[in-house]
Amino acid sequence: MGKFEALDDFLDDGLTLPVTGKDGVTREYHIPDPSAEAGIRIERITSFAARLAAGGAVPDQQVLDDEEELDLYRLCLGDAYDRLKAETSWSMFKHVALTTMFWITADEDTALEYWRTGEAPGKAGRNRAERRAMSRGSSAKGAGSETRSPASTSGTRAEPRPRRRGGRGRDRQPI
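Okay, so the sequence shown: first residue is 739 according to my numbering, each after it adds one.
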């Protein structure tokens, strides 16, 4: 039987991100690997959201309220939470938190894809014009649908043909 190497030989102890603060200065923030308890909670929350998204179901109620959303970010960011919250704008703070969440729940490549694009992993291939066109879709005012509605059959139905007697064509008499 072979020997196992120590886990720290290939696991990252955290994620370091270059983030521009409200003062315009870019600093590196180290987000530590979450505790096992925090990791389990993050997995539970994100897997629930992923199941909803995969099923295409829109939840009857908000999945996370504002406080729970910030709690998720606190779980993801750990010791870096307070510093990031104080030194960055909301959009930068949220982008860092979501990048970290993808790192925790998936891997570094997934987090990097989100970091670079701001798009959910797997959806990042589209350019800005394509995303705008998709968001407009057929909901734009005055846009018509390519598919016509079926015509009404109310009152225009043909009379049913009389049933023939005698089986499947044998000994059939012309009408």
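FYI, nobody ran anything at the bench for these hints, they're computed from the structure.
Source: prediction; values computed, not measured.
You may find that some hints are simply not true.
Said to hold, decoys possible - No more than 20 Å apart at the CA atoms, straight line, and that leaves these computed lysine to aspartate or glutamate pairs for EDC-like:
| no. | residue 1 | residue 2 |
| --- | --- | --- |
| 1 | 823 | 809 |
| 2 | 823 | 761 |
| 3 | 832 | 817 |
| 4 | 741 | 761 |
| 5 | 823 | 845 |
| 6 | 760 | 771 |
| 7 | 832 | 771 |
| 8 | 823 | 766 |
| 9 | 832 | 820 |
| 10 | 832 | 761 |
| 11 | 741 | 771 |
| 12 | 760 | 825 |
As the list claims (entries may be wrong) - Restraint-style ranges between C-beta atoms, simulated for each label pair:
| no. | residue 1 | residue 2 | range |
| --- | --- | --- | --- |
| 13 | 808 | 860 | 38 to 46 Å |
| 14 | 740 | 808 | 23 to 31 Å |
| 15 | 859 | 806 | 18 to 26 Å |
| 16 | 856 | 741 | 41 to 49 Å |
| 17 | 806 | 741 | 39 to 47 Å |
| 18 | 756 | 844 | 37 to 45 Å |
| 19 | 854 | 742 | 33 to 41 Å |
| 20 | 786 | 816 | 18 to 26 Å |
| 21 | 761 | 856 | 20 to 28 Å |
| 22 | 823 | 743 | 31 to 39 Å |
From the three backbone atoms N, C-alpha and C, an ideal C-beta is built for every residue, glycine too.
Subject >> Consistency of beta-carbon spacing, residue 856 to residue 761, with hint 20 to 28 Å >> reply: Since residue 761 and residue 856 have Cβ atoms about 22 Å apart, the given range 20 to 28 Å holds.
Subject >> Distance restraint hint 39 to 47 Å, applied to the beta-carbon atoms of residue 806 and residue 741 >> reply: holds (43 Å)
Subject >> 33 to 41 Å as the expected CB spacing between residue 742 and residue 854, which holds or is violated >> reply: holds (34 Å)
Original post:
Range hint 23 to 31 Å: satisfied by the CB atoms of residue 740 and residue 808?
Top reply: violated (45 Å)
Subject >> Verdict for residue 786, residue 816 (Cβ pair) under range 18 to 26 Å >> reply: Since the Cβ atoms of residue 786 and residue 816 sit about 22 Å apart, the hinted range of 18 to 26 Å holds.
**OP:** Kindly confirm whether 31 to 39 Å is satisfied by the beta carbon distance between residue 823 and residue 743.
**Re:** For residue 743 against residue 823, whose Cβ atoms are near 37 Å apart, the range 31 to 39 Å holds.
Original post:
Within a Cα-Cα threshold of 20 Å, do residue 832 and residue 817 meet the stated pairing?
Top reply: holds (16 Å)
Original post:
Given the hinted pair residue 823 and residue 845, is their alpha-carbon gap at most 20 Å?
Top reply: violated (24 Å)
**OP:** With respect to the beta-carbon atoms only, verify the hint that residue 856 and residue 741 lie 41 to 49 Å apart.
**Re:** holds (43 Å)
**OP:** Please test the hint of 38 to 46 Å on the beta carbon pair from residue 808 and residue 860.
**Re:** The hinted range 38 to 46 Å is violated for residue 808 and residue 860, with Cβ atoms some 26 Å apart.
**OP:** Please work out if residue 741 and residue 771 have their alpha carbons no farther apart than 20 Å.
**Re:** violated (25 Å)
Subject >> Given hint residue 809 paired with residue 823 - CA-CA distance at most 20 Å >> reply: holds (13 Å)
Of the numbered hints stated above, those contradicted by the structure are hints 4, 5, 6, 11, 13, 14, 18, listed in ascending order.
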